[in-house]
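Asks: Now for the letters of each chain:
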Amino acid sequence: MSAVATPARPTASRQNSSGINTRIVNRIVIYGLLALFAVFYLMPLFVMLVTSFKTMDEIQNGNMLSLPKAPTFDPWLKAWGETCVGLTCAGIKGYFWNSIKMVVPAVLISTMLGALNGYVLTKWRFRGATLVFGLMLFACFIPFQSVLLPMATILGSLGRFGVTLQNDVGTSFGLGNPTVNLVFVHVVYGLGFTTLFFRNYYEAFPTELIKAAQVDGASFFQIFRRIMLPNSMPIFVVTVIYQFTNIWNDFLFASAYAGTGDAMPMTVALNNVVNTSTGVVEYNVNMAAAMIAALPTLIVYVVAGRYFVRGLMAGAVKG
Amino acid sequence: MSSVATTQIKLTPERPRASTRARLQDALPKIVLAPSFAITIVFVYGFILWTIYLSFTNSKTFPSYVITGSRAYQRLWGWTFDSDPPSSWYTSITNMGIFGFLYIGICLALGLFLAILLDQKIRGEGVLRPIYLYPMALSFIVTGVAWKWFLDPGLGLEQTLHQWGWTSFHFDWIKNKDFVIYTVVIAGVWQASGFIMAMFLAGLRGIDGEIMKAAQIDGATTFQLYRRIVIPLLRPIFLSAFIVLAHLAIKSYDLVVALTSGGPGGSAWLPSNFMYEYTFKRNEMAVGSASAVIMLMTIVAIIVPYLYSELREKPR
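Sequence order for the protein chains is A and B. Quick note on numbering: the first sequence equals residues 1 to 319 in the numbering used here. Quick note on numbering: the second sequence equals residues 1001 to 1316 in the numbering used here.
Be a bit skeptical, because a hint or two may be false.
Short, incomplete list of chain B residues facing chain A, as computed with Cβ under 10 Å [said to hold, decoys possible]:
id	residue
1	I1041
2	T1051
3	G1105
4	L1108
5	F1113
6	L1128
7	A1137
8	V1244
9	V1257
10	F1280
11	S1291
12	A1292
Because the hints were derived from the structure by calculation, they are not lab data. Each residue gets a CB set at the ideal place from its N, CA and C atoms; glycine is no exception.
The whole structure should be built from the sequences, with the hints applied where relevant.
Replies: Written as structure tokens, this is what we have:
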């Protein structure tokens, strides 16, 4: 029995083991490459993070990649409350709140409008709906440089009108307030995206349900509130995350319409902190400031990564 | 849809008031959509026309509305590398060419490569994917700050390798006016390639497993399988990814500002930086507007055929 089996065995096992060997080598190469790229993507964040916990002394004499020997939280505190943005030295906390004050209304308004638009464009189609949608969609892709200057002119006039109102009526109704301006700008240029998201989502929503509700006498808004909204949770999450990330990270509008003064959003303030060239450059404070600016979107990404990716995909691959 | 609405009108009792209400109900969807549409028409298309108009005037610090012809465009294109001072516009579009080509090319290649690697039934894919993708959640400003530090010859990579004993290592691209644009490529690729990977991965997961099996039974090697079957099947993803990247590339502005502050003597400028500088800092509004118009035309040439085909694809 064994004598018969033996001659066959070596060949079989040799084939087998060489097959297994190439497979193992393949796997090692694949995992090695994947790990290498993971290092490439993580490196800048890692360096930023460790640097933000080091003392200046350690930065100047130590290695960029080494862990902090005596981790200190001071750079973070300094970035938050003391560092100089331009000539004001009160940290970036005010600018962080500026961003929040700008992002929250802008995201809510643009998302709500997008939901309504998507609802109309899919469930109440009219002649020319595709053209309307096409025109709104194209607005997502324009380089904002092509509207930057007219918008600055209009915002300037509105601001002057606001001053007049302030003098005559006693309130400017927010006209000329940089944060209000930025909310307006982000709503206007975010509408295309939010409409796109909701339109594509509602496209797949069964129209029969709406017809049935209509026969039962439900009005336009009732259908929206009672039928569409309760079924729109996923796309709301996707849209809110997408808009939040985009508006929080915006720099072009922020620097054009609130580039100086107390109303600067976080991104502009960060750029100013890093490029302030008075005295010794405090790299640890700069890195802590950058981390603070990155944290809100990073947290959203960690908590709701799947929705984040879906939003990007929806914005990229028009359905 | 409208047929249902009509029945509804018929169903309601024929009182004049009710019919007014019904007509209002009928118009309501359009009324709801109207503000958004009006905003888009005015603030996107109206403003674009306004910018185009300005580019044909001689606006300097303030907008002027007297048409003076194509002076601004002649200035842009007639101002070459041989002029004194050499043309920043030519620098910007040359940079755009280098940046656009490398950024799009490397992102596509790297994204596809990583997606294929990740698609080999990898343990820990759930950990690796978010690591490749997270840079997309950061702002260009943060990316720029991080890479500025990392590439700084005195503090970053060069210094680290010197400490490790490789003292001849020299990498000062970020301070070198001929190479600074390549550092923008590095940071840009770092930020976007993970996302392109995710797009390709979604595409790979959508390929019918039967096709792959059939090819394997026919004796195709893995390499052949990918070259002949998988990659051709991913064509639509290539197109979408190209559109996304081209669009990001032309709009890139913040990254150059944060990473290089424009580079030595504006050597890292892209057209977007040129536009901003000329419009808001150098009081050459007409020239700035003309450059914005050229940027817009470039995007239009890429996006409009794409959108047109996408909207046409599924006739209703």
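Asks: Against each hint, give a clear statement of whether it holds in the structure.
Replies: Hint by hint, here is what the structure shows:
no.	hint	result
1	I1041	holds (7 Å)
2	T1051	holds (5 Å)
3	G1105	violated (17 Å)
4	L1108	violated (13 Å)
5	F1113	holds (8 Å)
6	L1128	holds (6 Å)
7	A1137	holds (4 Å)
8	V1244	holds (5 Å)
9	V1257	holds (7 Å)
10	F1280	holds (7 Å)
11	S1291	holds (8 Å)
12	A1292	holds (4 Å)
Of the numbered hints stated above, those contradicted by the structure are hints 3, 4, listed in ascending order.
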